[in-house]
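Q: Sequence:
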Amino acid sequence: MERQNVGLGLSVVPHIVNNSMVLTINQTSSSVSDSDVASDIITNNREINTVVQVLDGQSIILGGLVPDESRQSESGVPLLKDIPWIGGLFRTTSDKSVSSQMSVLIKVTVI
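Under full-length UniProt numbering, think of the first position of the sequence shown as 1, with each following residue one higher.
Treat the hints as calculated values from the structure; they're not laboratory data.
A hint or two may mislead.
DEER-style ranges, computed between Cβ atoms [to be verified]:
1) 53 <-> 2: 36 to 42 Å
2) 40 <-> 103: 29 to 35 Å
3) 95 <-> 9: 26 to 32 Å
Since the structure is predicted, the reported quantities are computational estimates derived from the model, not experimental observations.
Glycine included, every Cβ here is placed at the ideal spot set by N, Cα and C.
With the sequences and hints as input, model every part of the structure.
A: This is the structure:
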């Protein structure tokens, strides 16, 4: 088994050009996939690369990386929920939709 890094990442590389600053920005988001079939760990990786030019004192906001996940879960009375034909009386199935957004606010200050 191999270690996998998951979560949020942000990399900002500034370059001063004349009276402004050029920022090379990399946003990453990764998570572990809910897979019952695979024997290895499967990760979902998403990445955005941006280059922006801003003046001293200005702010920028970056949005994106909006994952939409649909999850289905089943619960019920152990053993009874697995009985053919009448098991449905002893179990419930629920669908859940999860959405999140990563937004980054950067204010540029030249010292």
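Q: Next step is simple, just say for each hint if it's right about the structure.
A: Going through the hints against the structure:
no., hint, verdict
1, 53 <-> 2: 36 to 42 Å, "holds, 39 Å"
2, 40 <-> 103: 29 to 35 Å, "holds, 32 Å"
3, 95 <-> 9: 26 to 32 Å, "holds, 30 Å"
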